[in-house]
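Novice: Guided by the hints, dock chain Y onto chain W, whose structure is given.
If you want the building blocks of each chain, they are given just below.
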Amino acid sequence: MGLFDKFTKLAAERASLCDSQIHPFGIRIDEMYSPTEGLIQGKRVILAGTNNYLGLTFDPASIKAAQRSLELEGTGTTGSRMANGSYAGHGALEEELVDFLGRRSVIVFSTGYVANLAVIGTLAGSREVVLLDADCHASIYDACKLGGAEVIRFRHNDAADLERRMVRLGERAREAIILVEGIYSMLGDQAPLREIVEVKRRLGGYLLVDEAHSFGVLGANGRGLAEELDVDSEVDILLGTFSKSLGAVGGFAACHDAQMDLLRYASRPYIFTASPSPSAIASVRSALLAIRNRPQLRSQLWSNARRLYQGLQASGYQLGPQVSPVIAVMLKSPHEGLALWRALMERGVYVNLVLPPATPGAITLVRCSVSAAHSFGQIDHIIGAFASLRDPTGPVEADA
Amino acid sequence: MITQEEILERVMKLIVPFAPPGTPINPDTDLAQDLGMESIKVMDMLMELEDEFDISIHLNILMDVRTPAQLAHAIVDLMEHADGTV
Numbered sequence: 026m027g028l029f030d031k032f033t034k035l036a037a038e039r040a041s042l043c044d045s046q047i048h049p050f051g052i053r054i055d056e057m058y059s060p061t062e063g064l065i066q067g068k069r070v071i072l073a074g075t076n077n078y079l080g081l082t083f084d085p086a087s088i089k090a091a092q093r094s095l096e097l098e099g100t101g102t103t104g105s106r107m108a109n110g111s112y113a114g115h116g117a118l119e120e121e122l123v124d125f126l127g128r129r130s131v132i133v134f135s136t137g138y139v140a141n142l143a144v145i146g147t148l149a150g151s152r153e154v155v156l157l158d159a160d161c162h163a164s165i166y167d168a169c170k171l172g173g174a175e176v177i178r179f180r181h182n183d184a185a186d187l188e189r190r191m192v193r194l195g196e197r198a199r200e201a202i203i204l205v206e207g208i209y210s211m212l213g214d215q216a217p218l219r220e221i222v223e224v225k226r227r228l229g230g231y232l233l234v235d236e237a238h239s240f241g242v243l244g245a246n247g248r249g250l251a252e253e254l255d256v257d258s259e260v261d262i263l264l265g266t267f268s269k270s271l272g273a274v275g276g277f278a279a280c281h282d283a284q285m286d287l288l289r290y291a292s293r294p295y296i297f298t299a300s301p302s303p304s305a306i307a308s309v310r311s312a313l314l315a316i317r318n319r320p321q322l323r324s325q326l327w328s329n330a331r332r333l334y335q336g337l338q339a340s341g342y343q344l345g346p347q348v349s350p351v352i353a354v355m356l357k358s359p360h361e362g363l364a365l366w367r368a369l370m371e372r373g374v375y376v377n378l379v380l381p382p383a384t385p386g387a388i389t390l391v392r393c394s395v396s397a398a399h400s401f402g403q404i405d406h407i408i409g410a411f412a413s414l415r416d417p418t419g420p421v422e423a424d425a
Numbered sequence: 002m003i004t005q006e007e008i009l010e011r012v013m014k015l016i017v018p019f020a021p022p023g024t025p026i027n028p029d030t031d032l033a034q035d036l037g038m039e040s041i042k043v044m045d046m047l048m049e050l051e052d053e054f055d056i057s058i059h060l061n062i063l064m065d066v067r068t069p070a071q072l073a074h075a076i077v078d079l080m081e082h083a084d085g086t087v
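In order, the protein sequence lines correspond to chains W and Y. Per this note's numbering: the first sequence = residues 26 to 425. Per this note's numbering: the second sequence = residues 2 to 87.
Rather than coming from a laboratory, the hints here were simulated on the basis of the structure. Hints are supplied without guarantee of correctness; some may be wrong.
Listed below are the simulated BS3-like cross-link pairs for lysine-lysine, each with C-alpha atoms no more than 30 Å apart in a straight line [as the list claims (entries may be wrong)]:
#1 Y:Lys14 with W:Lys34
#2 W:Lys170 with Y:Lys42
#3 W:Lys357 with Y:Lys42
Chain W extracted, bound-state conformation (with noise of 0.2 Å):
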């Protein structure tokens, strides 16, 4: 048996998805012109498809931050943070989030995938029961894996599901682990955090939120959902990253309890995984700023995902459930967001396109991701271009 004899299903589908024309699967950007203009294929095309929630990725003091470091502190750190030793940003970074998040504890750390491995994984042992919703991120199930807790899944935002399989594990619900997000990747939508954290008051347990796609996004000061909805003393722990509205990379965890500080010291993750590059750290410093000194960015944000929300469901798509910046399109098979998706690109925008199994329900999603830097011309064409390409009659064919 061959080495990879084992992907030959998976060989078929992608053969069958990505014949000579262009796909979504190994799509390279060769030019980038601004947070959302960028050349495919030789086209100019609007990127719709980035998570760069706030645009910040050329942000002029976000550049500047980072240029100065590369000049002074150079390309890279070159080892981890217990071996090597951290560098005064990562320190700085993980000060100035203690200050922004009005928690006691805070860790940075080289992606949010691995902000999460080393948490989740950390903390949920094969002695911790976890309970997650079921559309959780697959880092988080990977965490979960790597702990080896044992894993009961719960209904996709249904706090009183959640409140079931707790009742079932009795007195172990007091010490059990509750994962949610607070804007879910694929659909958009939000955790019903209020009434996740009555579940909590109720039966105990310990709240860790993801916030990587609403840190920056949601609440007053952009600190995520559980600043939004006014539960954050309730939420143990918050995980997120630095690649979308901070525009760089990297990844972080925030804690209530100062003790959070010891999994520098028990985190495999954090331990043996090289530490964040300074430029990337001066670049984060820098777009943390903006986002607690130009609120008007979460509001540009918001205005650009209330458009194309209400732009695309005027042309009669089925969109997720509430507006947000993530906006996925519902559709009926693979073939059928495919050819949707060659034809946006065809018309210059560049969405995502997720397929089964890694979409909930096992349906296919184009999914869009807005950002405050788009103007409303851009948005506009994306609607026009979504537009053109719905049949009142039926789903969308493949172009001929």
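Specialist: Same frame as chain W, now just chain Y:
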């Protein structure tokens, strides 16, 4: 008292909506190989089984379970631990 045979019967009935239409299901059918059930479907099925039998079934069980018979056996074990009635 519910018997293991009754549990198996209920398990097999519950699997039907998750399997391709018309596919025969017997106690030794391999959920992944024979029914082509992807992990997400198997996990959704576990949620249904939890509600059907009012027990907690953690995902780790999937490392040892491949067929309806094995699933029924695991459920019997879990129910015994839950209240000792089986």
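Novice: Enumerate the violated hints, using their earlier numbering and listing them in ascending order.
Specialist: Per hint list: zero violations.
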